[in-house]
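With the hints as extra help, turn the sequences into a complete structure.
Chain by chain, the residues run as shown.
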Amino acid sequence: MDIFITILQILDSTLRLATPLLLACLAGLFSERAGIFDIGLEGKMLAAAFMSAAIAFVTGSAWIGLAAGIGASLVFSLIHGLASITFRGNQLISGVALNMLALGLTVLIAQGWFSQAGRTPTLIGDARFTSLTLPFAETLSVIPILGPIYKELISGHSILVYIAFLMVPVTWWVLYRTRFGLRLRAVGENPAAVDTAGISVIWLRYAAVMICGVLCGIAGTYLSTSIQAGFTDNMTANRGYIALAALIFAKWRPWYALGACLLFGFFFAIDNRFQNISLYAWLAIALLILIAALLFFAARKSRLDMFVLGTLGTISAAIAILIWTTNGLAGSVVIPGQLMQSLPYVLTVVILAGFVGKATPPKAGGEPYIKER
Amino acid sequence: MSLMKKMLGAAATLALSTGAMLAEPAIIFDLGGKFDKSFNEAAFGGATRWAEETGNTFREIELQSEAQREQALRRFAEGGSNPIVMTGFAFADALTEVADDYPDTSFVLIDMVVDKPNVRSVVFNEHEGSYLVGMMAAKASESGTVGFIGGMDIPLIRKFACGYVQGVKAANPDAKVIQNMTGTTPAAWNDPVKGSELTKAQISQGADVVYAAAGGTGVGVLQTAADENILSIGVDSNQNHLHPGKVLTSMVKRVDNAVYAAFTEGPGLEKGFQVMGLNNDGVGYAVDDNNATLVTADMTAAVEEAKAKIVSGEITVHDYMSDNSCPVN
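Which chain is which? The protein sequence lines are A and B, in order.
Going by the numbering used here, the first sequence opens with residue 1, and the numbers climb by one from there.
Going by the numbering used here, the second sequence opens with residue 374, and the numbers climb by one from there.
The hints are simulated quantities; they were obtained by calculation from the structure and are not laboratory data.
Keep in mind that a hint or two might mislead.
Label pairs and their calculated CB-CB ranges [said to hold, decoys possible]:
1) A:251 - B:546: 54 to 60 Å
2) B:687 - A:126: 49 to 55 Å
3) A:87 - B:617: 48 to 54 Å
4) B:641 - A:322: 55 to 61 Å
Where a beta carbon is used, it is the ideal one built from N, C-alpha and C, also for glycine.
If you want it as structure tokens, here you go:
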């Protein structure tokens, strides 16, 4: 039963950690499906995190904060749209510039406004999105297995978490079941064809970029007014870039994006829970051999993969032998914290290189559309 | 002749004003920022106290990036500031480079040792202060499990952790301590979201008192502890006021006293190695209106007794940095 509770708690933490990634990932999905690459997810989240916390503090309402956060993110989106759609600039450069702008501007404004080292004051009461207890969470908790799952895992999150997970089917429906979605996808693959059909490429791309802004705004707001109670300097801590990695991993598809973000969230949750995990030597060896075997399996796919994964596999096999010879089979091994911390990133490399196969971005991605004359 | 007089007069005025400039001390705040509610804020408090009491002014800068360390040091030294105080271990490399170039300037480095003739290195016995708050944590805990969340995984933070664990075990030998470090890069000082998640992970493992020695990340730790209705322990500055009734105590490092002393002694301050410990009130635990109800008489008695024994040498708290290992965990 203890193990069951532990697993539940880790999954619970996974949901919390995956939420900002998922929102940012879906944001990127809309934008990139329409052919606008967006490195600036991080910057938009950061701007939204600051603005929502600041306005929520001033007004005392988390919902007004959310609106302000989305507003700030939309302003950044518009700048990105203006630079890359209207003026046909380089989308990557515009995105990077926006990230830098957000990093500096948030702290500068926060310092001028609140004079607390680039922070906002701590939010209290209604200025925060507190966790919701779903109906019957207490009464149902007596039911074995399902009760605790409902109470611990599904209930007790902030409303923004539910919005984030609801966005996955919504995104799928919009992209694959509506006329707008069809056109949006088309504009990322072949904008000339869309133009020929008499539909405005510019307008569609702006719409995609604005949707991206709204979703990033919710993601940023979640960070500063839900899990935290205020904005701190650079609080997104590269989550925007991880969301981009998840997007590629998910091959620009909404349900895959959910899976990718949950996987990343799960890795981070494991890292937080078991920083200094101590295993029996035989277990450690078994795991390492499993990793090595997987790597070699993956290695058969292509030459470059074989090189990267083969090296990783050899290293893990070597570590396995080293553990065996030094500790014997009965002793326990303490896996160092650094290894656990690097695990999400190592696994990302492995998965991206080995298991995703060929990730094909939208064909017209990154290319500004120029109408033929 | 009159022109000559005027020029001489101007030169004299200039010399005088430069002389006044020379006496002006300077302080450089580390990346955490002047109002980090922690280490740097304590340093700023000491400098402000000196300025208010003497009516003098001081120069200051908040660093924004690693590259500015040496630049800021040289700017102040060339501008005639003396002494120059730096808050934070990360200045050691920059100061080692710069100190020899300005032999007449006195430098004060807090939290790290640089062995140069014009440098005063102030270090704190954080392990002693952490020992005391560890005892309080063990006594306040009902579950017998307490937590520690460090910032960046460096020996200095391990020193906090090691002293804390020793204190916990001294008060309750059966107690369990869960230890986490936020990360291995300087970003670990500024990730309150991860601080929150680590706190939740520790709570789910049974911890009901959590000690945060993690700079800005600690803001998230204290916040989550208050949200989840458990106790937390602040660090460096007195952080009891952040969540009244939820912060058990704070392990205070009197960085303000170190800065105040340096500014008061002026350019001719004594160089070398200075240790601030329990014996000279360099470290301690904070009790004020915000946590008075949490600290029981039994706790105070035990902690005061331990403090007296540490000062007299009857109890020795092991210093992690002396041999890079901790006897208990």
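Hints and how they fare:
1. The given range of 54 to 60 Å is respected by residue 251 of chain A and residue 546 of chain B, whose C-beta atoms sit roughly 55 Å from each other.
2. For the pair residue 687 of chain B and residue 126 of chain A, the supplied restraint of 49 to 55 Å holds, since their beta-carbon distance comes to about 53 Å.
3. The given range of 48 to 54 Å is respected by residue 87 of chain A and residue 617 of chain B, whose C-beta atoms sit roughly 53 Å from each other.
4. As the Cβ distance of residue 641 of chain B to residue 322 of chain A is approximately 57 Å, the hint placing it in 55 to 61 Å holds.
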